[in-house]
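If you read the sequence shown in the numbering used here, its first letter stands for residue 95, the second for the next number, and so on.
Derived from the structure by calculation, the hints contain no laboratory data.
Using N, Cα and C, we set each Cβ at its ideal position, and we do this for glycine too.
Check the hints yourself; a few may be wrong.
To be verified - Keeping only pairs whose Cα atoms sit at most 30 Å apart, straight-line, the calculated DSS-like set for lysine-lysine is:
hint	residue 1	residue 2
1	Lys219	Lys317
2	Lys167	Lys184
3	Lys280	Lys184
4	Lys219	Lys184
5	Lys280	Lys337
6	Lys167	Lys219
7	Lys280	Lys253
8	Lys337	Lys444
9	Lys317	Lys337
10	Lys317	Lys253
11	Lys280	Lys219
12	Lys280	Lys317
As the list claims (entries may be wrong) - Simulated DEER-style distance windows between Cβ atoms:
hint	residue 1	residue 2	range
13	Thr449	Trp384	11 to 21 Å
14	Ser235	Gln310	38 to 48 Å
15	Pro403	Gly438	35 to 45 Å
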Amino acid sequence: PLLLLLLLAAAAPASPAAAPTSCPAACSCSNQASRVICTRRELLEVPGSISVNTRYLNLQENHIQVIRTDTFKHLRHLEILQLSRNLVRKVEVGAFNGLPNLNTLELFDNRLTTVPTQAFEYLSKLRELWLRNNPIESIPSYAFNRVPSLRRLDLGELKRLEYISEAAFEGLVNLRYLNLGMCNLKEIPNLTALVRLEELELSGNRLGRVRPGSFQGLGSLRKLWLMHARVAAVERNAFDDLKALEELNLAHNELASLPHDLFAPLHRLERVHLHHNPWRCDCDVLWLSWWLRETVPSNTSCCARCHAPPALRGRYLGELEPGHFTCYAPVIVEPPADLNVTEGMAAELKCRTGTAMTSVNWLTPNGTLMTHGSYRVRISVLHDGTLNFTNVTVQDTGQYTCMVTNAAGNTTASATLNVSAAD
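Please put together the full structure from these sequences, using the hints given.
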């Protein structure tokens with residue numbers, strides 16, 4: 095019986111993982127089969143007999159439709175897996191089992207309608223994930239929380255995307271680059287979980303307006319691209335959270351002006367692209383002209399040209415002077431009113447201006463200047479310029495002065511807050 099078992103073992107065919115340097119017939123291999131290329135071979139399935147030594151596997155431009163469970167389980171040294179430009183519509187749970195060293199996974203240009211979240215389990219070293227140009231319709235909560243090691247995530251050109259969950263990007267604490275360009279987005283999704291994000295691509299969407307709070311939590315962001323995004327307005331304080339921003343691209347949009355001192359909180363900003371916008375060169379852009387001359391003095395022609403009025407059409411923004419037009423100090427259309435409240439109550443002092451292109455600050459009774467983004471536990475300046483108190487104390491009593499500023503100067507209005515002790 096022992097002799098028979100030995101004979102049977104000798105006659106048995108080798109498993110796909112048996113030959114360390116074997117090469118599938120449909121592929122070409124190099125570097126002792128550590129590099130396997132199987133592109134454009136009309137493959138319907140992932141071939142067997144791929145060497146256990148494989149570190150790079152290219153299966154692009156075939157006809158593979160399903161990535162089955164345990165397909166690559168013997169390729170423990172695999173670092174780069176390219177499955178792009180196939181017909182992949184389904185990735186089974188466990189499809190990437192046994193790939194502890196996988197660094198890059200490319201699945202772009204396929205037919206996936208959902209994010210194969212569960213298939214990413216155990217990819218503990220995955221750094222790059224490419225899912226661009228798939229007919230994915232939604233990104234659910236915790237879609238990528240199984241791969242917290244991700245540094246780069248490409249979700250560009252998801253042209254059928256209709257929904258992104260508020261918690262879609264939870265767990266991606268190491269992500270440095272995110273592409274959401276050309277995804278038909280009408281608003282910027284919740285990105286607060288991406289605390290280490292450095293580069294964000296949002297070009298080619300239909301955003302319309304950029305609102306305050308859109309970039310909350312992105313204190314590490316260095317580059318922001320918003321080209322061809324149909325942006326017609328950037329609201330006051332919209333970029334205040336981007337303290338580390340170095341480069342901002344707003345080219346090819348529908349912007350005519352920007353709020354006064356929009357870039358003031360962005361102390362590291364040094365490259366701004368503003369060309370191909372219908373800039374209206376009046377007092378509202380004078381601050382921007384000055385800012386451009388200070389920030390990019392060697393190249394004032396880099397950024398934008400006036401679209402209106404006719405007399406200034408074609409002039410570079412960085413060349414504008416106050417003498418080109420008559421400017422007037424801003425108007426406060428709803429000044430703050432004296433207020434009597436009881437200790438512990440919430441309170442608001444309004445200060446509404448005639449245009450959103452101004453900046454609004456407040457001077458408190460003790461001489462502190464409050465701006466949007468100033469950190470005070472109970473007191474804050476809201477996006478519309480309102481001074482908000484979550485719960486007042488007797489010590490808050492005094493005169494508060496609203497200061498509204500544009501390129502021509504500033505206008506002030508004061509009101510007294512009286513806080514009485516609670517019974």
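Hints and how they fare:
1. The suggested pairing of Lys219 with Lys317 holds, with an alpha-carbon distance near 25 Å, which does not exceed 30 Å.
2. A threshold of 30 Å between alpha carbons decides the hint, and for Lys167 with Lys184 the separation of about 18 Å falls inside it, so the pair holds.
3. For a cut-off of 30 Å, the pair hint linking Lys280 to Lys184 stands: about 28 Å separates their Cα positions.
4. Our distance criterion of 30 Å between C-alpha atoms is met by Lys219 and Lys184, whose separation comes to about 23 Å.
5. Straight-line distance between C-alpha atoms of Lys280 and Lys337 comes to about 25 Å, which keeps the hinted pair within the 30 Å bound.
6. Restraint check for Lys167 and Lys219: satisfied, since their Cα atoms lie roughly 15 Å apart, inside the 30 Å limit.
7. With a CA separation close to 12 Å, the supplied pair Lys280 and Lys253 stays within the 30 Å bound.
8. Note on Lys337 and Lys444: the hinted pairing holds, with a Cα-Cα distance of about 27 Å set against a maximum of 30 Å.
9. Among the hinted pairs, Lys317 with Lys337 is consistent with the structure: their alpha-carbon atoms are about 11 Å apart, no more than 30 Å.
10. As the CA atoms of Lys317 and Lys253 are separated by approximately 23 Å, the hinted pair is consistent with the 30 Å bound.
11. For a cut-off of 30 Å, the pair hint linking Lys280 to Lys219 is broken: about 33 Å separates their Cα positions.
12. Between Lys280 and Lys317, the direct Cα distance comes to roughly 21 Å. Compliance with the 30 Å bound is thereby established for this hinted pair.
13. As the Cβ distance of Thr449 to Trp384 is approximately 18 Å, the hint placing it in 11 to 21 Å holds.
14. Restraint check, Ser235 to Gln310: a C-beta distance of roughly 18 Å breaks the suggested window 38 to 48 Å.
15. Take Pro403 and Gly438: their Cβ atoms lie about 53 Å apart, and the range 35 to 45 Å is violated.
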